[in-house]
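Undergrad: Sequences and hints are given; from them, build the entire structure.
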Amino acid sequence: GAGVSQTPSNKVTEKGKYVELRCDPISGHTALYWYRQSLGQGPEFLIYFQGTGAADDSGLPNDRFFAVRPEGSVSTLKIQRTERGDSAVYLCASSSLGLEGETQYFGPGTRLLVL
Amino acid sequence: AQSVTQLDSHVSVSEGTPVLLRCNYSSSYSPSLFWYVQHPNKGLQLLLKYTSAATLVKGINGFEAEFKKSETSFHLTKPSAHMSDAAEYFCVVSQRGSQGNLIFGKGTKLSVKP
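Line by line, the protein sequences are chains A and B. Under our numbering, the residue at position 113 of the first sequence is numbered 113, and the numbers go up by one with no gaps. Under our numbering, the residue at position 39 of the second sequence is numbered 39, and the numbers go up by one with no gaps.
Zero decoy hints are in this set.
Each pair of labels, with its calculated beta carbon distance range:
| # | chain 1 | residue 1 | chain 2 | residue 2 | range |
| --- | --- | --- | --- | --- | --- |
| 1 | B | 56 | A | 3 | 26 to 34 angstroms |
| 2 | A | 17 | B | 79 | 47 to 55 angstroms |
| 3 | A | 57 | B | 9 | 28 to 36 angstroms |
| 4 | B | 84 | A | 9 | 18 to 26 angstroms |
| 5 | A | 55 | B | 114 | 43 to 51 angstroms |
| 6 | A | 80 | B | 3 | 29 to 37 angstroms |
Derived from the structure by calculation, the hints contain no laboratory data. We put the CB at the ideal spot given by N, CA and C, even for glycine.
TA: Here's what the structure looks like:
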């Protein structure tokens, strides 16, 4: 079956602009996660959705970052007033129930470059 | 708080020789541990996971890892490296609680020489 998909695969924007990154999880998965991977580092947790609600947004770096999942499926990560330091690969993952120890399935990521 | 430390940022082996990627974890309880692999320009793929069942865990592509509580280690091994094993490998611990957030190590880049 289809895995996690993310669009766009690459996004180049200018400092100060607004961007939206989309994630389409595996069908039926209630849990959805966003991570950010900077160059040479492991992914870092940003936000977790259980259904439509953001159950944990403690990893969002500041209030320029926001994410939604209005129908409990597709999620959009939104970044306002982008800064060069936001350049990274943004990864989305989903799992069936969002329990500790469950396998998370990752998408290919969106590579964001802020000029 | 849970954390993982990957002891080597880069490991280089010759094709056909054993692979050892080292990982130590820090946790006040018995954690769920994973190894993920990331090939260039591809998504993260689960190799194997430990969730308090058998301490020796077998994964895909001939990889395995052993959970050693006394050493707080979860090293990844493979008896014979293949060229296709060249990739970045991440040791991962699951955040305690019911939500499953993952905490990644910094990664080990595995190079395989012909």
